[in-house]
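Undergrad: Protein sequence lines correspond, in order, to chains P and L.
All residue numbers for the first sequence refer to our numbering, where the first residue is 1 and numbers rise by one.
All residue numbers for the second sequence refer to our numbering, where the first residue is 1 and numbers rise by one.
Check the hints yourself; a few may be wrong.
[What the hints assert, rightly or not] Across the chosen pairs, the derived CB separations fall in these ranges: (1) 306(P) to 266(L): 28 to 38 Å; (2) 290(P) to 194(L): 34 to 44 Å; (3) 517(P) to 522(L): 50 to 60 Å; (4) 539(L) to 487(P): 34 to 44 Å; (5) 304(P) to 251(L): 35 to 45 Å.
[To be verified] Under the rule of at most 30 Å between Cα atoms (straight-line distance), these lysine-lysine pairs were calculated in the BS3-like manner: (6) 578(P) to 489(L); (7) 461(P) to 64(P); (8) 309(L) to 12(L); (9) 578(P) to 309(L); (10) 513(L) to 309(L); (11) 261(P) to 309(L); (12) 309(P) to 513(P); (13) 261(L) to 309(P); (14) 489(P) to 578(L); (15) 592(P) to 261(L); (16) 592(L) to 309(L); (17) 139(P) to 261(P); (18) 513(P) to 592(P); (19) 12(L) to 261(P); (20) 592(L) to 513(L).
[Claimed, not checked] Interface residues of chain P toward chain L, partial, derived using beta-carbon atoms under 10 Å: (21) 6; (22) 97; (23) 244; (24) 479; (25) 560; (26) 565; (27) 596; (28) 599; (29) 601.
These aren't lab readings, by the way, just hints derived from the structure by calculation.
Glycine is no exception: its CB is placed at the ideal position from the N, C-alpha and C atoms.
The primary structure of each chain is shown beneath.
There are 2 protein chains.
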Amino acid sequence: MATATLSGSLVKDLQDRANRLRVHSLRSTTAAGSGHPTSCMSAAEIAATVFFHAMRYDPHDPRKATNDRFVLSKGHAAPLLYAVMAEFGVLSEDDLLDLRSFDSDLEGHPTPRLPFVDAATGSLGQGLSVGIGLALAAKLDGFDARTYVLLGDGETAEGNVWEAVAWAGHRRLDNVTAIVDCNRLGQSQETMYGHDVDGYARRFESFGWNVDVVDGHSVEDLVSALDAGKSDRGGPSVIVARTFKGKGVSWLEDRDGWHGKPVPEDRLDDALAEIEAPPKLDPVEPKLPPEPPTPVVDLEPSFTPSPHKDGDATRRGYGDAIAKLVAADRRVVALDGEVKNSTYAETVIGADPSRFFEGYIAEQNLVAMAAGLAAAGKIPFVSTFGAFFARCFDQIRMAAISQVDINLVGSHAGISIGEDGPSQMALEDIAIMRAVAGSTVLYPSDAVSCERLVETAARTKGIVYLRTGRPVAPTIYSTDEPFPVGEFKVLRESAADAALLIGAGVTLHEALKAYDQLRADGIHVRVIDLYCVKPIDADGLRAQAVAAGGNVVTVEDHYPEGGIGEAVATVLVSTGTKLTRLAVEGLPRSGKSDELLHAFRIDAVAIERAVRGVVS
Amino acid sequence: MATATLSGSLVKDLQDRANRLRVHSLRSTTAAGSGHPTSCMSAAEIAATVFFHAMRYDPHDPRKATNDRFVLSKGHAAPLLYAVMAEFGVLSEDDLLDLRSFDSDLEGHPTPRLPFVDAATGSLGQGLSVGIGLALAAKLDGFDARTYVLLGDGETAEGNVWEAVAWAGHRRLDNVTAIVDCNRLGQSQETMYGHDVDGYARRFESFGWNVDVVDGHSVEDLVSALDAGKSDRGGPSVIVARTFKGKGVSWLEDRDGWHGKPVPEDRLDDALAEIEAPPKLDPVEPKLPPEPPTPVVDLEPSFTPSPHKDGDATRRGYGDAIAKLVAADRRVVALDGEVKNSTYAETVIGADPSRFFEGYIAEQNLVAMAAGLAAAGKIPFVSTFGAFFARCFDQIRMAAISQVDINLVGSHAGISIGEDGPSQMALEDIAIMRAVAGSTVLYPSDAVSCERLVETAARTKGIVYLRTGRPVAPTIYSTDEPFPVGEFKVLRESAADAALLIGAGVTLHEALKAYDQLRADGIHVRVIDLYCVKPIDADGLRAQAVAAGGNVVTVEDHYPEGGIGEAVATVLVSTGTKLTRLAVEGLPRSGKSDELLHAFRIDAVAIERAVRGVVS
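So that you can see chain P by itself, here it is in the shape it has in the complex (with noise of 0.2 Å):
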């Protein structure tokens, strides 16, 4: 490694620096009494080398847009990053004395509360997908700004850091560094690999990474390291750091038994003891990116949308919508999960392909990668298939801790889908949306209102869901008909109304069938499209429920648990209506999708036979 170019006073202060860290994690954490010391200390020269040495970084403006951006993607370090910011003068040692406190916004894990953190970490694995999100942003947008991620070796085990490290690596995505921090010990035993060093060193080598393996307790080694990063080698990099775990301390250094606890505090004299930092320094003085340009206004996304023939599927509404959108606001990005042609997300390639990523199998990773774009002021629209963001809300969840704006597109809803099966079938997606903290759940009926509500979408805050259908559907509405989040449609209605049909998506156009079928038998019913799920217009639906004599009939193409049934009886249970909630009960399989919507009796006929039984 050379260490030429690196004088001693620099390595000798980046070396205070490092103990000042340790000495800040160590107090913050018995004062919490609670905390991950020993995983801070092993990082401690890689945090003060990144942050002191290699970053071109403001921390008094730390959402400057030409900032480098740090991801500590091994978030239980959080005292290890408040210590940095110790550092740099904008947190006070007496802040990090308040860790942890319900009062203070130094969370036990990273959260954006704190101007220095974009993306809320804690659940592992997330961060590089994250960092990549930030670094493609930085790319976008024109900046010369790099992405460092630290990562725990614990973490590593985890797909979402391959899926990251695929990508990143298929992509050469040169403006990311990614640290990992070998300290060997998780937390109940030892890791997968212990301190092999050298095969974390092969196994990012085989997805294309350059690699520098160093003693992450050397401050030469890593200066290297870094500098190497930023030299112009190709591809990603990253430094794999063996680190012994409570460095700095004898009778914590390496020792199993020591994770995620504090020193007690009578111990804590000892410990501070042995570490050889000097008690008062000035505040380090950054390595300033360059002014950012003046911001390029961005036109307000905002569209018309085309009107659909009859029989366009909701899903292609979609693929019309985010073409138009990105072609009118340059902050919209588009993300998918190779089903591009499926959800007609690949209608961005022509419209801007710069600002298509296609993401591959690896729904972890575009989720992710979508909330660092997000997290860097981008408007990411990310689509699979419904049922397969079962697999990454753990990521939505914590893009919503994030408190980011990502909209997530999911087609193939429902038994509708058909001959493909359950496998494919969304059937618990509203479910799970839902329950996201602060989210929106909007599920469009016809391709017009699906373009409205992408436009919707694009200008709503935090996580969007938006549920398209595979099936061709009949349109229903104009191009000019408003679709406010929090509102229904009302379609049909009479003074002589005797039941409430609300449904939404394939369902809408079975109650709008049995409402043909009813009138011609002379029952008189009113129908509702709940075209936002969540938030839910309690007031209205209330008031329709009433009008409609207080019998009221969800349908819905999904799961009963959690769904719109369930959102509708919450609305109405303590107002005495009745409600009759048709979902699919129990496992559905392959099918022709009217075999299937009858079968599992959320069909025009089911419908019908409901409103019989609750009128007569």
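Fit chain L to the known structure of chain P by using the hints.
TA: Chain L in isolation, oriented as in the chain P frame:
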């Protein structure tokens, strides 16, 4: 590749069979009008050599314990598997033509409705983990049986694959042979690596696998590599097979635009004319495995809970129970995601280390391995933090479609975990687990009931989720109290009850505190422990609501959507009951457990206030 031992007639026979598999695949998908014939054709020689040469397998008794096993991870090639069964004489050629129809079990992707399918596939990247589970079961049972897993090249982008590769490589699991069908083409474009078979080889090698790179259309090469996999070289084996999608028909072979498309009826004869397949052959004579020994009669999983002292967390109850269960029934196995000292799964190591599997931080592989173990008759318990089951929800969803019986134990539920913050808090786990088809959701409030519910889980079919908590919990129950699925406990009641409180876990204890306070003020309330959230005792709850004056308050350490409050709302909606739902509204943060329960209004104070609101 050594071919000396393979006779010319054997080569011809296997090649003939491979071509017949192509013919069947083409015919059946054209008859169905949908499906993936070209994905079958690339793997025809692979399937022929695996089933008709390598495997010791009784196709007429596919669940025989000593059989070698086959998992079709690339589930969209289902017609190929069905074609194999036709060559064995298990299915007729007419059966094949019912592919994907409602009345046939030959679904679009394989499911265990068919006796020769151990676990459903179709959501990609899970089959290798399932195969590892099957292979582990054979090891536990002492059978010399091998598992073969056929993967597509596209699906190796899934992180789940690399979790499985890492795990099996680390464990040196020597009875697994994976075959990667590198046919270059994905659904909408070329895969990440195209025909770079050496790259695949390097990646598997870096994780400790034995690799053979072969021409996947050479029967000789495949036989040689399959034989090498069976030899005593230690560790798992993978065959990287270079193939062509649509192989055998010139205008399908290696062509874009044919993924997931059957040959039109009017071109079928043209296609078949290109394939040299004998029109009629006798059924393949299988190579049978040894007869299994007379099965040991397993005990019923049964034990008596310990009389826990006040202050034992429910997760400690899990630890005590799982160790007893392992002792009581040899089918029980435990898996944990490197948090065994937090979930208390570590107790199993003391009871029988051979039945504990450390899954490391890789939850997708963990759950899919459990599905494989269950498919082979084991009773797996999988533990990690409840929040992290979000990460493998697709694997859980697929396990439900596989109709296997697995038990998931999620600890650290809710905001009551305190300082670690939102990334570690399970707040949507009840919602997602309720949405699983046929699932059971259990939620003990003390260590004694937790023990009983662990015993119950072991006897319960399907996916069982048991939610445990981090905080200490007062002991409520005696060790002889039964906890049947589908019931609840009434802990406080009187003839004068003005409201019904429904809680579980930490909120039950808050409800009991509220009861005391309200009673001191002369307000009588009924308190229910809803230890079984699904299936819910609807009639019982309705009767209790009426008995308590029609005022119901639910309180849960979970987001509002899909949790206890919604489950109760669906039960009470048509009864005219007044329901107040207390749940965690908005993103939580770090803090002390009690502070958080109070701030998010699910503590005794909030319950009291809610009761006073409804009874005044």
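Undergrad: All hints are to be evaluated individually against the structure, with a verdict given for each.
TA: Structure-based check of all given hints:
1. Separation of residue 306(P) from residue 266(L) is about 34 Å and conforms to the stated range, judged on CB atoms against 28 to 38 Å.
2. Between residue 290(P) and residue 194(L), the C-beta spacing of about 39 Å keeps the proposed range 34 to 44 Å intact.
3. At about 56 Å, the CB distance of residue 517(P) to residue 522(L) agrees with the hint of 50 to 60 Å.
4. A hinted range of 34 to 44 Å for the beta carbons of residue 539(L) and residue 487(P) is consistent with their spacing of about 36 Å.
5. The hinted range of 35 to 45 Å is satisfied by residue 304(P) and residue 251(L), whose Cβ atoms lie roughly 42 Å apart.
6. The straight-line distance between the Cα atoms of residue 578(P) and residue 489(L) is roughly 28 Å, inside the 30 Å bound, and the hint therefore holds.
7. Between residue 461(P) and residue 64(P) the CA atoms are separated by roughly 21 Å; this keeps the pair inside 30 Å, and the hint holds.
8. As the CA atoms of residue 309(L) and residue 12(L) are separated by approximately 71 Å, the hinted pair breaks the 30 Å bound.
9. Taken as a hint, the residue 578(P) and residue 309(L) pair is broken in the structure, with Cα atoms around 46 Å apart against an allowance of 30 Å.
10. Annotation: proposed proximity of residue 513(L) to residue 309(L) holds, straight-line Cα distance about 19 Å (limit 30 Å).
11. For the proposed pair residue 261(P) and residue 309(L), the alpha carbon gap of about 25 Å is at most 30 Å, so the pair holds.
12. With a CA separation close to 19 Å, the supplied pair residue 309(P) and residue 513(P) stays within the 30 Å bound.
13. Proposed proximity of residue 261(L) and residue 309(P) is supported: the alpha carbons are some 25 Å apart, at most 30 Å.
14. For the proposed pair residue 489(P) and residue 578(L), the alpha carbon gap of about 28 Å is at most 30 Å, so the pair holds.
15. Of the pairs offered as hints, the one joining residue 592(P) and residue 261(L) holds, with about 16 Å between alpha carbons and a cut-off of 30 Å not exceeded.
16. Distance restraint check for residue 592(L) and residue 309(L): the Cα-Cα separation of roughly 23 Å lies within the 30 Å cut-off, and the hinted pair is therefore satisfied.
17. A C-alpha spacing of about 40 Å is found between residue 139(P) and residue 261(P), which places the hinted pair above 30 Å, so the restraint is violated.
18. Our distance criterion of 30 Å between C-alpha atoms is met by residue 513(P) and residue 592(P), whose separation comes to about 19 Å.
19. Note on residue 12(L) and residue 261(P): the hinted pairing is violated, with a Cα-Cα distance of about 65 Å set against a maximum of 30 Å.
20. For a cut-off of 30 Å, the pair hint linking residue 592(L) to residue 513(L) stands: about 19 Å separates their Cα positions.
21. Because the smallest distance between the Cβ of residue 6(P) and any Cβ of chain L comes to about 32 Å, over 10 Å, the interface hint for this residue is violated.
22. For residue 97(P), the interface hint is violated, since its Cβ never comes within 10 Å of a Cβ in chain L; the closest pair sits about 14 Å apart.
23. Interface hint at residue 244(P): violated, since its Cβ lies 19 Å from the closest Cβ of chain L, which is beyond the 10 Å cut-off.
24. A distance limit of 10 Å between C-beta atoms decides the matter here; for residue 479(P) the minimum to chain L is near 29 Å, and the interface restraint is violated.
25. With a cut of 10 Å, the hint placing residue 560(P) at the interface with chain L holds, because the nearest CB-to-CB distance is about 8 Å.
26. A cut of 10 Å between beta carbons decides the hint on residue 565(P): the least distance to chain L is about 7 Å, and the hint holds.
27. Against a cut-off of 10 Å between C-beta atoms, the interface hint on residue 596(P) holds, since the closest Cβ of chain L lies about 7 Å away.
28. Because the beta carbon of residue 599(P) sits about 7 Å from the nearest beta carbon in chain L, less than 10 Å, this interface hint is met.
29. Checking residue 601(P) against chain L: minimum C-beta separation of about 14 Å lies over 10 Å; hint violated.
Hint violations for this structure: numbers 8, 9, 17, 19, 21, 22, 23, 24 and 29, all remaining hints satisfied.
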